[in-house]
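Residue numbers (the numbering used here), protein chains in the order written: chain A, 1 to 242; chain B, 1 to 242.
A portion of the hints provided could be inaccurate.
Copies of the same chain look alike in the list, so a pair counts if it fits in one copy or across any two.
Once the Cα atoms are required to be at most 27 Å apart in a straight line, the calculated DSS-like pairs of lysine-lysine come out as [unchecked claim]:
| hint | residue 1 | residue 2 |
| --- | --- | --- |
| 1 | 34 | 88 |
| 2 | 137 | 88 |
| 3 | 165 | 219 |
| 4 | 219 | 137 |
| 5 | 88 | 124 |
| 6 | 119 | 210 |
| 7 | 164 | 34 |
| 8 | 124 | 33 |
| 9 | 219 | 123 |
| 10 | 165 | 110 |
| 11 | 158 | 124 |
Treat the hints as calculated values from the structure; they're not laboratory data.
The chain contents come next:
2 protein chains.
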Amino acid sequence: MPRFFAEENNISENSIHITGSDARHISYSLRMKKGERITFCREGTEYLCTITDITETDVYCHIDETLPSDCEPDVRLTIYQALPKSDKMELIIQKTVELGAFRIVPFISKRCVSRPDDKSAAKKQLRWQRIAEEAAKQSGRGIIPRVSPILSFEDMLKELEQNKKKLICYENGGISLTEADISDKCSDIAVVIGAEGGFERAEVDKASEKGAVPIWLGKRILRCETCPIAVTSVIMSMTGNF
Amino acid sequence: MPRFFAEENNISENSIHITGSDARHISYSLRMKKGERITFCREGTEYLCTITDITETDVYCHIDETLPSDCEPDVRLTIYQALPKSDKMELIIQKTVELGAFRIVPFISKRCVSRPDDKSAAKKQLRWQRIAEEAAKQSGRGIIPRVSPILSFEDMLKELEQNKKKLICYENGGISLTEADISDKCSDIAVVIGAEGGFERAEVDKASEKGAVPIWLGKRILRCETCPIAVTSVIMSMTGNF
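Bound conformation, chain A alone:
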């Protein structure tokens, strides 16, 4: 059954009304007809619907059934990602969303080469959010993970503190992910990951002061975009979500 995300203002008590690009996609690209079934998701809830009326600009549906989404992991994993060069952030967002990340927070660390100005950063965030939405749709997520605005290292640390379980990937040493005491279904986990060249010692120390445990991913040197994908995979597996 085709699957789309709905916004709060699309949903009434018994019906859903879709307009814009999704309506065009449903009517024109998928050529769906009155009477056919379609699913909408919003923040962890699935609305199983039947199309009651459809034009190229408007799709009206009756809500047949409302269910909690069963595709969401039971762990909220936030990826704090130092901004890598070129378009690597796009791959990171697409893959970590598919694999179940809850939120992605880009930030600037000492060794970041990419330092977009405000205008460029705002444009990037819009693009990244679209990539997260596409990946969420494609992989059948129950939510659209949010990509936050780019934070400074200091602001990232402040945010990080709010998470229960905090990890930071550090190539100069730490415990392995399997030793990191996250198999007991932590409700929320945050992982801080570096850009090319990783973190400076002082940055890792600051994160440690906020309670982040340094994680070492072994002797092979992973490209910076490989690390968040691998870490998300392993954490989803360790918490029984894979």
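Based on the hints, put chain B in the right spot on chain A.
Relative to the frame of chain A, chain B by itself:
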């Protein structure tokens, strides 16, 4: 210390002689000089060397020390990957090599859209092998993982049989990776992974007859290139290699 791979014919008892593009890279791009130290790897052995003479075409080194490479995982993981569309195989090879895969075997399954002719397949294999070599160098592997020629499904099954532990990813159900009894340091593991659209039931049945255990990666639908990256990450973690 810069790190390169050497071939058997480069290595004598006490010395290593490098020519070709690596020699040019060492002399011209890295501007290395006589007396500087460099490491060469060959099949799990590291040769710690000092440059004794260097021109743009020839690099002569003295072997100071020979060590077993400590960057190789202690599990030999072979990825049997049904050929995906466009250039996705390149990302799969780059990432699985970084993460520690031992060998990659592309094959053609029923739902493969990409079916290169012999000439194109040979060209692809060369390109893939180059990508494996680059990824091995970059990540500090002790070996260059081999990318095999593209096999038919039947030939893939024959090869698969030789592996001790065999898994096949199947989106219609199976056990989870963590239930797959691979944490006891299996010496070799093979994972069969589908292209876009996954496998037909009959294909999974045939692989099961050869001893492959169906693995289910959960309710989120992973893009076909995400699956081998995630599976390699999790297996490396489960076997203590991450």
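Problem - Those earlier numbered hints the structure runs against, lowest number first - result: 1, 6, 7, 8, 9
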